[in-house]
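In terms of our numbering, the sequence shown opens at residue 1276 and continues consecutively.
Check before you lean on any hint, since a few could be wrong.
[Stated by the list, open to error] Straight-line Cα separation of at most 20 Å, DMTMM-like style, residue types lysine to aspartate or glutamate; simulated pairs:
{"no.": "1", "residue 1": "K1335", "residue 2": "E1324"}
{"no.": "2", "residue 1": "K1343", "residue 2": "E1361"}
{"no.": "3", "residue 1": "K1517", "residue 2": "E1381"}
{"no.": "4", "residue 1": "K1343", "residue 2": "E1324"}
{"no.": "5", "residue 1": "K1517", "residue 2": "E1324"}
{"no.": "6", "residue 1": "K1437", "residue 2": "E1506"}
{"no.": "7", "residue 1": "K1476", "residue 2": "E1324"}
{"no.": "8", "residue 1": "K1476", "residue 2": "E1451"}
{"no.": "9", "residue 1": "K1476", "residue 2": "E1506"}
Because the hints were derived from the structure by calculation, they are not lab data.
Model, not experiment: these values are computed from the prediction.
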Amino acid sequence: MNKRLDLCEIWDLSLPTHPVHSRLYALEPLGMGTPHVESLTSYLARLAEAHSVSLRTLAKQELLPLLKREYLSNPFGNSLDAFWIEAARALNGTGALAKDWAQSLEHLTLRKDLRFLTLLPWAAVLTQQRLLRLTRAWCTDCFMEWQTAGQLIHEPLLWSVKIVSVCFRHQRTLLERCPYPDCGTTLPVLTSYFCPGYCSKCSRWLGVMTDFSKTSQTSSDQWHWQVWVAEMVGELLSHNRKLTTTCELQ
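Sequences are here, hints too, so could you generate the full structure?
Okay, here's the thing in structure tokens:
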């Protein structure tokens, strides 16, 4: 009898430990560790698309309550629209707004690296004055290249820095207006239906060729200076993740 009992399998009746699930999809940021690291505003838009909702819906349902900014979702006003136009660019910057939104998104996605989609790592050395563009800017060649390669479309943090006016990879001036003659709109950094690579006014693809050239706007010396500036800023951004000591979100 004892020998038979010794051969019986011993079962572990303790309940298994289930992994913690994030509230939102933990999308992988694009371009991390490169000069073309994705901006936080671009990540927000891709996150909304992944959940098949508009950016407005994602912000109202998930982010604003967590940020304690429910007043922005007032159904009887246009507070959120005004926020997109007047303050959304700061989400990519070095201030409290970037810190709060990055921290909230990290909480919702359980990621620990979304702060590096902003300029927060450089907060100790960069001034907030005239740091960021007021509107979107983009390189048509980058969009076309990513589309042709079947890569996900994003808008790099580099393009949101005001001093950067050219794409150093494709030697092209960044565009600041929708290239379609019947639109030609200057685009806000964020809108309720913002989608990387597309005009938020007419919804058309921005990766189209234009006749705009570097020589029509700047001298040779100015052009080389602008390319150098873009390269240097891109080099700084590629090291965002290494500056952990200056980017702690308490």
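Those earlier numbered hints the structure runs against, lowest number first: 4, 5 and 9
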